[in-house]
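Student: From just these sequences and the hints, can you work out the full model?
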Amino acid sequence: EAQVTQNPRYLITVTGKKLTVTCSQNMNHEYMSWYRQDPGLGLRQIYYSMNVEVTDKGDVPEGYKVSRKEKRNFPLILESPSPNQTSLYFCASTQGPLRPTDTQYFGPGTRLTVL
Amino acid sequence: KNEVEQSPQNLTAQEGEFITINCSYSVGISALHWLQQHPGGGIVSLFMLSSGKKKHGRLIATINIQEKHSSLHITASHPRDSAVYICAVSGNQFYFGTGTSLTVIP
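Sequence lines, in order, name chains W and R.
For the first sequence, the working numbering gives the first residue as 12, with consecutive numbering after it.
For the second sequence, the working numbering gives the first residue as -15, with consecutive numbering after it.
Keep in mind that a hint or two might mislead.
Under 10 Å between C-beta atoms, here's a sample of chain W residues computed to sit facing chain R [as the list claims (entries may be wrong)]:
#1 Ser44
#2 Tyr46
#3 Arg55
#4 Met61
#5 Val63
#6 Asp67
#7 Asp70
#8 Phe101
#9 Tyr116
#10 Gly120
Among chain W residues calculated to face chain R with C-beta under 10 Å, some are [stated by the list, open to error]:
#11 Asn39
#12 Gly51
#13 Gly69
#14 Tyr75
#15 Gln115
#16 Pro119
#17 Arg122
Simulated from the structure, these hints should not be mistaken for lab results.
Given the structure is predicted, the values throughout are model-derived calculations rather than measurements.
Positions of the beta carbon are idealized from the N, C-alpha and C atoms, including for glycine.
Tutor: Written as structure tokens, this is what we have:
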């Protein structure tokens, strides 16, 4: 089954404690992306990757890191989480955002609370 | 700055009604997307458009590139259509509207 998986699904942590949210896709997609969703602000892109070893900042990259060492995995790293990073996070993948026939597949979401 | 604007924000309809959700954007794009987010939070891609019109079951999406505007229509609405509908545009990056919360009453 084609899918994007994220782990953990729920996480409560404290300010400053480094954490990683994993994302994996089994569709051999080139493009992967991380988004955060906040009430009233909608979805905003954090980082994206157009292929292995290629990553770019989205709209709200501050406080986040990513890496793309393998095509299937795209982890999101919060080196020193702060309360304003409390949010619902989605990972997504697509063969390529510039191709009009390719849709985006979303992971189930990770609800993060930073105390 | 709001690259993507959606209207209305909230919409309540009676079962069977024809529904329209509008989306305007201000940036150059390669494609426009309509997404559906269910109350449980999961997001599903409904359509990707670069021109014209697409139809899938009771859902129709149109785009006017010159006017930078898209519409999502739902014909014969049903309570199971209740969800948040999100418009997004893409080039290398994705930009999203804040969503339209639709409730269809039986």
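Student: Look at each hint and say if it fits the structure.
Tutor: Each hint, compared with the structure:
Hint status for W:Ser44 relative to chain R: holds, with the closest Cβ pair at about 7 Å, below 10 Å. With its C-beta approaching chain R no nearer than about 8 Å, W:Tyr46 sits inside the 10 Å limit, and its interface hint holds. For W:Arg55, the shortest C-beta to C-beta distance to chain R is roughly 7 Å, which falls under 10 Å, so the interface hint holds. With 10 Å as the threshold, the beta carbon of W:Met61 comes within range of chain R, its nearest partner Cβ sitting at about 7 Å, so the hint holds.
For W:Val63, the interface hint is violated, since its Cβ never comes within 10 Å of a Cβ in chain R; the closest pair sits about 16 Å apart. For W:Asp67, the interface hint holds, the least distance from its beta-carbon to any beta-carbon of chain R being 7 Å, beneath 10 Å. Interface restraint check: W:Asp70 against chain R, minimum CB-CB distance 7 Å, threshold 10 Å, status holds. Satisfaction of the interface hint for W:Phe101 is found here, the shortest Cβ-Cβ separation to chain R being roughly 6 Å, below the 10 Å cut-off.
With its C-beta approaching chain R no nearer than about 7 Å, W:Tyr116 sits inside the 10 Å limit, and its interface hint holds. Nearest Cβ of chain R to the Cβ of W:Gly120: about 5 Å, under the 10 Å cut. The hint holds. Taken as an interface hint, W:Asn39 does not check out: its beta carbon lies about 18 Å from the nearest beta carbon of chain R, beyond 10 Å. The beta carbon of W:Gly51 is positioned within 10 Å of a beta carbon in chain R (closest approach about 7 Å), and the interface hint is therefore held.
For W:Gly69, the interface hint holds, since its Cβ comes within 10 Å of a Cβ in chain R; the closest pair sits about 6 Å apart. For W:Tyr75, the suggested interface contact is broken, since its CB lies about 15 Å from the closest CB of chain R, more than 10 Å. Look at W:Gln115: its Cβ gets to within about 5 Å of chain R, closer than 10 Å, so that hint holds up. For W:Pro119, the interface hint holds, since its Cβ comes within 10 Å of a Cβ in chain R; the closest pair sits about 6 Å apart.
The beta carbon of W:Arg122 is positioned within 10 Å of a beta carbon in chain R (closest approach about 8 Å), and the interface hint is therefore held.
In summary, the numbered hints that this structure violates are 5, 11, 14.
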